[in-house]
Amino acid sequence: MVDIPYEGIRGIPPAEVPDVELYHPRSWWTRYVFSQDAKVIAIQYSLTATAIGLVALVLSWLMRLQLGFPGTFSFIDANQYLQFITMHGMIMVIYLLTALFLGGFGNYLIPLMVGARDMVFPYVNMLSYWVYLLAVLVLASTFFVPGGPTGAGWTLYPPQAILSGTPGQDWGIILMMSSLILFIIGFTMGGLNYVVTVLQARTRGMTLMRLPLTVWGIFTATVMALLAFPALFVASVMLLLDRLLGTSFFMPSLVEMGTLSKYGGGSPLLFQHLFWFFGHPEVYIVALPAFGIVSDLISTHARKNIFGYRMMVWAIVAIGALSFIVWAHHMYVSGMFPQFGYFFATTTLIIAIPTAIKVYNWVLTLWRGDIHLTVPMLFALGFIITFVNGGLTGLFLGNVVVDVPLSDTMFVVAHFHMVMGVAPIMVVLGAIYHWYPKVTGRMLNEALGKFHFWVTFLGAYLIFFPMHYLGLLGVPRRYFELGDATFIPSSAHSLNAFISVVALTVGFSQLVFLFNLAWSLFKGEASGGNPWRATTLEWQTPETPPGHGNWGKELPVVYRWAYDYSVPGAAEDFIPQNQPPRATQLVQGAAS
Amino acid sequence: MAETVLTNPGQSPARLEGWRGIAADWASDQRAFKNVSWGKAMMWIFLLSDTFIFSCFLLSYMTARMSTTVPWPNPSEVFALNIGGNHIPLILIAIMTFVLISSSGTMAMAVNFGYRRDRVRTAILMLVTAAFGATFVGMQAFEWTKLIMEGVRPWGNPWGAPQFGASFFMITGFHGTHVTIGVIFLIAIARKVFRGDFDVERRGFFTSRKGYYEIVEITGLYWHFVDLVWVFIFAFFYLW
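Protein chains in written order, with our numbering: chain A, 1179 to 1770; chain B, 6 to 245.
Do not rely on the hints blindly, as some may be mistaken.
[Said to hold, decoys possible] Below, simulated DSSO-like cross-link-like pairs (lysine-lysine); rule was C-alpha separation at most 27 Å, straight line:
#1 B:LYS215 with A:LYS1731
#2 A:LYS1731 with B:LYS39
#3 B:LYS197 with B:LYS215
#4 A:LYS1701 with A:LYS1628
#5 B:LYS197 with B:LYS45
#6 B:LYS45 with B:LYS215
#7 A:LYS1440 with B:LYS197
#8 B:LYS39 with B:LYS215
Hint data in this document are derived by calculation from the structure and do not stem from the laboratory.
Only chain B is shown next, with the shape it has when bound in the complex (with noise of 0.2 Å):
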């Protein structure tokens, strides 16, 4: 069913190269892309859908950005921190990224136990990771609570163009929220993985159909995208 079948028999002796070959292996019988389960397949292709979407937010932002005829804010000046008495730029967003990427570290690890069927380390690991996101979701809605403090509001803000405030909270909201379903998926999976569920092959509660440890696979391949999706919103909207 759902899971990769490692034996490739659909597979011709003779390769073809180049071009040639990338289109025999589309073109081939039954599965365009060979021992790709089909939830592997899903994920793959809604992250595509997903890079639209926030490649349509960002452009948005820099089109508003750049058509502004108001100066737009400093943000090393609006996102700095004062910590004992230093005044350093990007501070907090420096550790939120610091803490993100390390969580794509702790989850490769947790695929890397998963398929070795080490449920316990998996599912700590993936609770590690569910718990730098929840950090990084934490130290997000302190930058917020900072910043409505000192009077941005998405429909305006004391130091220039209001599509600042407005795109801010717009991306790095919704980014928020991918980042906070992933939390929850990661500790629904690492539940089921501490359990055992995929060892018994027990049958999902909606679905009613038997996991795999393959499912840690996928919810890292969607971590992994917000994580990536954070950097480049770290690159065009804090850097820039």
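Extracted from the complex, chain A is given alone in its bound form (with noise of 0.2 Å):
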């Protein structure tokens, strides 16, 4: 790619949209609360998905405590240790990583580094997050009603899901479909921001293949939410009518509690069509912007330029489209027509192949490279290693023959977890330490930061890893206690309690983060405008943290790709994407 650096020497267009008129708050209300500022409102999202993710990591204590001391904590039984599953999943997976990568993320970085003064509809966007705080606020709820939350796992398959003897069938579940819907509805609304955004306000020069990664990502991840959260939308309320109207969509005919329920006649399978149609993509909405932003953090701390960034935004946009046609393969036990299972697999295992050319270019990135182990770069070689054995496991899982026999055991929870649980996780912690600066002005205390990374990253190796082993041992997924299983050695029951430890000292080890956070925001370092030395534009602004509109009087003119580092001839090893052609003339001279 020796021609993108240079494209701009042709000379910039002229701007095709004037400036746009902000919205100026007059108070502090308008200016911290009801902020109509993408940077604000990014905060407002990942602060609340913060929050309710520690609620979702205390409940995955609680559970790891009964799996490890079975029958040792009276307070948790077998109806709390379904809850907790289920809200557990549900909130990690929507209003965790969903929000924080696309609401909090992609608010703060996409006007930033695309060189837009805010989003386009800001107060739309605002609307966006005051909708998402309801839909957690009613999710949060669940815990309060008679009942308490749904214990559906978190696929809230039916008919068990609002059948008597689930957990929260009172109110749980609907609580639980009531906060979804306002979570699409809310997400739709931040999510055609985002990508109207992208499309539509760059700033003069930037062209879609000058883009960051990170934009890529968060772009491609959301118009994939758009089309993949109506699947949910139209489970949750065809589920949610099932429920309070006694409509039959999802529920066949059966006995209930030793009565003939009043359903009949529905499929159950169209629910998991659904919900899969939604489900998979989901998992991408989840990964994609974690592989763009870990492009960036490989890049800029490995001084080096993305190998082969054509093929990555090819890759993001190809395992986008391919991830909207495989959902089926969670469903090779559901008892849908078998053969489907050819289609499902088939494709499923197409992904390795875009996937595949991400990890060798991130490798190859590195190879050579001028690595500086950061703790953003820490934990970008995190994910790179625990993607690469989440993604590895996915293979055995997305064949037929192979995923039969672990099906609902704990192979597929070490798998997901891996895959889609620490490697994002491992992304958004190493995007946290690289853009705090940016956010704040001061930098995160960098001892504290490597404590963090060593215990996270081996501790979630320790947990996750043997875990593969109790699922080919037959361990199941989801059940309470194991009992006396014949099948089961003690060896296994050793394990369970050593992964319990290891969770909890890992849960534990979260806090030193969360005090970094706060420590840091008052007594950490001064960063400075670029600490990391890095060219994309958010780090060219005039103020740090960012003003209202970002740029000060001036756009700025992009007139490169956002991967220039280390251009041999160049005076510094970066030369951010707003410079002009004329700072760097020995360039030209050495390409022609």
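Work from the hints to combine the two standalone chains into their complex.
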């Protein structure tokens, strides 16, 4: 890609859209609470997502206590265990990761990285956050209603999700569905903003093929979310109607607690199809922003241009498109027409190609790079390792014949935690260490950060790697306790206890991170505008943290791609995207 | 800001043909869709998302209808009216469809007059469109009442598969909600047009941004979409 850096020399066309007129807050309330500034909305999104994410973290501790030491903790009963599982999964996947990557990082980084003053419709963007907050509050309220939250498992499969006997059948399931519907409405308002901002509000010179990969990842994930969430919306509405009005969309005729239920004629499989038509793209809605962000982290901290930028972009787009035709690989044992398995296994394995391209390109970016083992870089490396690990076990589960015996075992739990739990969280943490200086003007403490990384990375590995082994033994997932099953050796029980101890340790080590966030806000070393000497636009703002409108008087003009690191002959080892070619005539000479 | 800029300096003099041209447009500077305002782009993308919602509803309904073991009620019997002693199948639905399609016509005329900045005619045509929409919703309410009086419920009906009532109320209800929201928007925008908000560039109450006559077209996009969805509901629910 030698030609990309020099493209700018041909000249930059004039602005097509006049500069925007911003809404200027006049009071404390409109500046910090009902703010229309994408940066404030991003922080609101991030804090809310983190808060509810901590609830899910505590739920995972309670589950681990029960699994590691069954019978010891009398305050956890079987119903509660199911409720913990359900809420942990739902919160982590949707209310934490989706909201944090798209609502948090998307809001903060998209306008800054494409050189816009704000999102295109700031008012709608603000509404997006408040509807999201409402969704979170409705979800959290289920802990306090009679019967507690739903215990249907995060997939909420009917018929059991709405039948008596499943915990939370009274209020939990109703509020869960309502909360999901609200989340989707709120997300749509934000998501439309992100997409239109990337497509239509870029600054002069910022062509799509000069966007940092972070923006590509978030953009593609948002497009996918706008097309995948409708299926969840419809499934939620129909399940809500089944529960509230007694319709039978998903409910077959069955006996409930010894009596024939009022339902009949519906198809539980239909729900699974709708759910996974959302659910599989959802995996990549979480993964693609992580792919994008980690590309930028690796390139910046290895002081080297990303290897194969164009292929990285196409791989993101290809993964996004393919992820819409693989959903039924979650349903091999559901009783669907078995020959569908051929099709879905094939498409699933094809996804390995663009994904492998990305992994090779990350590694080739590192190859002979000037690697700085900063905290963001450590997390990026941690991501590559955990993601490759989780991806490889995905090959097992993507093949029908191998999947059938592994279905509903701890192997599945280990796989998806590795690939869409630990790996994206690694990126989230790395990204926070990377962009915290831009958001606050101060660096996070590096010693605490390194401690945090090693405990989290090694700990997460120690938690989830042995879980594969438990799964191969046939230890089922979602079981309150294993009892005296003869096929489970006593070593499995000790392993469970070991995993629980590590899980609690890793969980508590996150307190170090939270302390670091709070402490550095006041006492952290001042960072300056561009502490990582990065090329992308968000580091070139006139103020740090960026002021209202991001860019002062003049919008930046972009002359080059986002990855001019260590350009031979250049004065510095990075050339910002908005630096005009005049200043690097040496390079031009070298190229010609 | 949000208005369309009709000059197009980003266009290169030599246009590329075919796929290369499409790729060049998409990858071009500043805007992927030239001369498309932010609002219009956002409405198109929203409609794409909404298409997926209606598709999921209709596919779910078709799944239920195809897999049910109980006979499905015959729509031309269920949706027949006795008018003047004649038993006419689907007559109400035919009238509803005619009304809604007509409203698309008046909407298109409103868009035309909007761009001519003829605010009185634009406002009147938008109100006519809204009236057609309200008539449609009114007839739908009549149809719901009639079916409920005959014993159709979301959980069952006298003639066959219980999914008939469930799908019917859900899909027409969801579409009717769309029409109702459209009517409210039409009235709100018509008021703004009539008051001359877009001539004096008055700022919006919530967003404090200036509005433009283009909002008439954007409202029109939504309205035509709602009509188009009805055609599919009509075909798949009533004619099947």
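**Prompt:** Are the Cα positions of LYS197 (chain B) and LYS45 (chain B) separated by 27 Å at most?
**Reply:** It holds: about 18 Å lies between the C-alpha atoms, which stays within 27 Å.
**Prompt:** Within 27 Å, alpha carbon to alpha carbon, are LYS1731 (chain A) and LYS39 (chain B)?
**Reply:** holds (25 Å)
**Item:** Given hint LYS1731 (chain A) paired with LYS215 (chain B) - CA-CA distance at most 27 Å
**Value:** This hinted pair holds, its Cα atoms lying about 21 Å apart.
**Asked** Is the straight-line distance between the alpha-carbon of LYS1440 (chain A) and that of LYS197 (chain B) 27 Å or less?
**Response** violated (51 Å)
**27 Å limit on alpha-carbon distance, applied to hinted pair LYS39 (chain B) and LYS215 (chain B)** = holds (21 Å)
**Message:** Just to be careful, I want the Cα atoms of LYS1701 (chain A) and LYS1628 (chain A) compared with a cutoff of 27 Å; is the pair within it?
**Reply:** At roughly 18 Å apart (the allowed maximum being 27 Å), LYS1628 (chain A) and LYS1701 (chain A) satisfy the hint.
**Request:** For the pair we were handed, LYS45 (chain B) and LYS215 (chain B), check the Cα-Cα distance against 27 Å.
**Result:** holds (15 Å)
**Asked** Holds or violated: LYS197 (chain B) with LYS215 (chain B), Cα cutoff 27 Å?
**Response** Measuring from Cα to Cα gives roughly 11 Å; hence the hint holds.
Checked against the numbered hints above, the structure breaks only hint 7 and satisfies the rest.
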